[in-house]
Amino acid sequence: MTMVTRTVRWIMRQHWTFIAGLLSGTIVALLLITAPVMSLHDPVAQDLSMRLQGPGGDHWLGNDQLGRDLWARLLYGGRFSVVVAALTLVLSVTIGTLIGAWCGRVGGAIDEFVMRVVDVLISFPEIIVALFLIAIIGPGFGTLVLALTLVGWTPFARLARGIALDISARDYIVAAEVLGCTRTFILLRHVIPNALRPISAMTFLRFGHKLITVGALSYLGLGIQPPDSDWGAMLADARQFAVRQPLLVFAPGIAIMVTALSVTLMGQGLEIDADRSRRLRTGES
Amino acid sequence: MERFLLKRAIVLVVTLTLVSFLAFLVPWLGDTDPARAIIRSRVADLALDSAAVEALRIRLGLDQPLLHQFFAWLGRVFQGDLGLSFTSRLPVADQILRAIGVSATLALSALLLALAIALPVGTLAAVHQGRRFDGIVTFIAQGFVSIPEYWLAPVLVLLFAVELGWLPSAGWSGFETLILPAAVLCLRPLAYFSQVMRASMIDVLHANYILAARSRGLGLAGALVRHGLRNGIQPVLTVFALWLAGLLGGSVVVEVIFAIPGMGRLIYSAVINNDMPMLQGSIICIVGLAIIINTAADVLYGVLNPTVTVSGDAR
Amino acid sequence: MISPDETPCLKVENLDISIGDTIAVARGINLEIRRGETVALVGESGSGKTVTALSLIDLLPPPLRVTRGTVSICGQKITDATPDVLNRIRGNRVGMIFQQPSSMLDPSCRVGRQVGEALRLHKRASRGEAFERAIELLREVGIPEAGRRARSFAHQLSGGMAQRVMIAAALSGDPDLLIADEPTTALDVTVQAQILGLLERERKQRTLSILLITHDLSIVSAMADRVVVMYAGSIVEEGPVAAIMQAPQHPYTKALIDCSLMRKAGGGDLESIPGTIPSPAQSIPGCRFHPRCPHALARREGSVCASDEPTATRTAEGHLVHCWAAEP
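Chains as they are written, first to last, in the numbering used here: chain A, 1 to 285; chain B, 1001 to 1315; chain C, 2001 to 2328.
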């Protein structure tokens, strides 16, 4: 119970953007998880008599060009992109943080080499890497995750390296080393708590971009493959029916935007928090 | 300076060699038989004559050891010969060169537009730090980052081309066709630039030299224009270079939607058509350009900031 | 020497400076500087000297602000003046130099342009004229190869050199008053003497008034005509330099002088003031100094020192002491 109240208290202390993002993000996540309960229809069941119907009846958002229920497709369609984006981020954070912290600790030629690699990769558009991988091993879930992780780890490596360098140069770490604390202890006690906030902020801030990139590949027909569908693929399908049924274009677009924005807002809230706690610690005004 | 450029030139050559090797391996990684692929791209007949395949294999040197082939290929790459496209049968290098020109025009238009808006907006947000204007700017920036271009582009086409008929819906034939794609493409960099500019101008505002300049009788605006911008813009230029390098191939979606014959669309169609020489050529060119642009940005940075000697380390 | 009815170069009356509305950083500051006079504002760090100096040209960084009182420079009221008026006064009637000269120069702007800036703003000089004049000024403040130095950047200058540049920049608009906020604190001792010599020379040549802000009493006796001692945001004593240095009346001034190495050069233990300077947020009733005061009156139970703020007592001509124990 205390854990819950402490968490709630921590949340209430954050910037309003964090709370707003957390609320809408939670709603989106719950909707996607409970998709089978929340939708009355099968997302792939076609009913040509209902083609391009507007909202009404038990089809809350109407039907698409093949008469499929738009609301159901929206709920199921979000699952793919969100899972790919989230999984990619988890991998990127883990790999990037480990590599970056390691580089910051060992320094020297290894550090120099890895950072040069980061320099080249960091400006490399994710979508291009994804296209190349698709050309080599074909489209699919694994390809997307691999492609986005391949360049996705670089900003985290740079950030973690910076934090590791910054922290090990601090007086209190030097003092801890002089006092005879082991490296592992210093890492656990000082480095990780200090790195946690900025890295989690960056993770949340990157999510929107990943989500949009996954959708872009699906839009181009190289992401999710039929009969499955996601928001990007729905937008591509809906394009030629935009004039007759604008909702088909607006609904998936807004779904992407709301999802991306809420996670970004959480990230910004965390960044403000990280900044604030850094200032508190270092005594800057 | 010379030493710095020399060092970067070495980095360029080494990286390009490595990337070329990866690019060279692409067909093997993807278990595509180059000889088969070439023949298939030239004769529509799917039943391949295995004798013809063997003949071509020997003629192209594909029977040689892999490393041998690689160096032969690398030699041609460094002479600017990237082979012929499987689909168009035209030299890959020519097509890429033309596409890069198009992408560069599009990217620079979008980025300069973003920069022109972001500099004043970011500065104003910094001046009003923590107040309502600042909050609104940050929120809009996050909104811009969250808009997928494959949604915004069709919506804008629907509005300005289909409904209002003011602008062409697609194509690449002059200024009018540039407006919509540049507008779509500029939102995300605009958001980033304005936030970077804001953070950097907040530092500048607290800098002692601004106080000193004001003590000489410059107003806040005057002090910012004369002494703030030049110092505050430097981080933005670094980000600008990153974006420029990224957009030279990364504006795939916008180029596909607006049918713009740039690098993004070239790569996209190469993927669709399994056009291996085109893919190999594009990856080499994109990486090379990214390194060159970043070097140029570092040189420019050194010009703007006299405390940086161009080896990258401050005094 | 100076006629008493002449308009003072700087006149500060009952000035209060606060953080936001609540925390007072300086209170009841009265200050007057006549033409050609050097006044030293002395106190420990944290006593509100720099804040007072910045308030004189209305450049307090928020949330600091003036909450009461007036500042006038050459008869022109600064408090409540419009931004245009202020911009015309800054650099033109009053110049300012600071503690860390190197960080006060724009790192990416040539030194000569910054020195000539006041000329461009106030004297309608063209870009070329301003630069030529800047070179002359740099030569005047003793910078060798002034022509070449004018084209260099801040990071290429030493600290002493940068302070000379700052002096040149502050004097380029030919001001009547120079505010020097700890001008030599960040510099080597040998350079300190040169900079002080330069300031003294300029004062004579230009009949400049100088407000010298420092914590270093050895500078004060060499430079100042009058001394104003600040403690925790209030003025505790002011008077002619000889009177203050020879016969200080306020216990704080006495302690400050006793702490100074100059007095104890002959040997013996260094005196120190017990306790530390209170932060502006701390509220202390009565005299702000009484918790640290060695005087018998302050040590007595239920003393007036702990209940009422001391009023000014005139102990000699031009010598004011804010202390209950002072006798006229």
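If you're looking for bench data, these hints aren't it; they were derived computationally from the structure.
Among the hints, a few may not be true.
Said to hold, decoys possible - Far from chain B, by Cβ distances over 12 Å, these chain A residues were calculated:
id: 1; residue: A29
id: 2; residue: Q53
id: 3; residue: T94
id: 4; residue: A130
id: 5; residue: A242
id: 6; residue: M257
id: 7; residue: S277
To be verified - Calculated cross-link-like contacts (lysine to any residue; reagent style SDA-like; alpha-carbon spacing at most 20 Å):
id: 8; chain 1: B; residue 1: K1007; chain 2: A; residue 2: V117
id: 9; chain 1: B; residue 1: K1007; chain 2: A; residue 2: L159
id: 10; chain 1: C; residue 1: K2123; chain 2: C; residue 2: R2113
id: 11; chain 1: C; residue 1: K2254; chain 2: C; residue 2: G2046
id: 12; chain 1: B; residue 1: K1007; chain 2: A; residue 2: G162
id: 13; chain 1: C; residue 1: K2123; chain 2: B; residue 2: I1136
id: 14; chain 1: C; residue 1: K2077; chain 2: C; residue 2: E2006
id: 15; chain 1: B; residue 1: K1007; chain 2: A; residue 2: P155
id: 16; chain 1: C; residue 1: K2254; chain 2: C; residue 2: A2222
id: 17; chain 1: B; residue 1: K1007; chain 2: A; residue 2: R116
id: 18; chain 1: C; residue 1: K2254; chain 2: C; residue 2: I2277
id: 19; chain 1: C; residue 1: K2204; chain 2: C; residue 2: K2254
Just so you know, even glycine gets a beta-carbon here, dropped at the ideal spot from N, CA and C.
Hints, one by one, checked against the model:
no.	hint	result
1	A29	holds (16 Å)
2	Q53	holds (20 Å)
3	T94	holds (24 Å)
4	A130	violated (9 Å)
5	A242	violated (6 Å)
6	M257	violated (5 Å)
7	S277	holds (18 Å)
8	B/K1007 - A/V117	holds (15 Å)
9	B/K1007 - A/L159	violated (25 Å)
10	C/K2123 - C/R2113	holds (14 Å)
11	C/K2254 - C/G2046	holds (19 Å)
12	B/K1007 - A/G162	violated (24 Å)
13	C/K2123 - B/I1136	violated (41 Å)
14	C/K2077 - C/E2006	holds (16 Å)
15	B/K1007 - A/P155	violated (24 Å)
16	C/K2254 - C/A2222	holds (18 Å)
17	B/K1007 - A/R116	holds (12 Å)
18	C/K2254 - C/I2277	holds (16 Å)
19	C/K2204 - C/K2254	violated (31 Å)
Consistency note: the structure conflicts with the earlier hints numbered 4, 5, 6, 9, 12, 13, 15 and 19.
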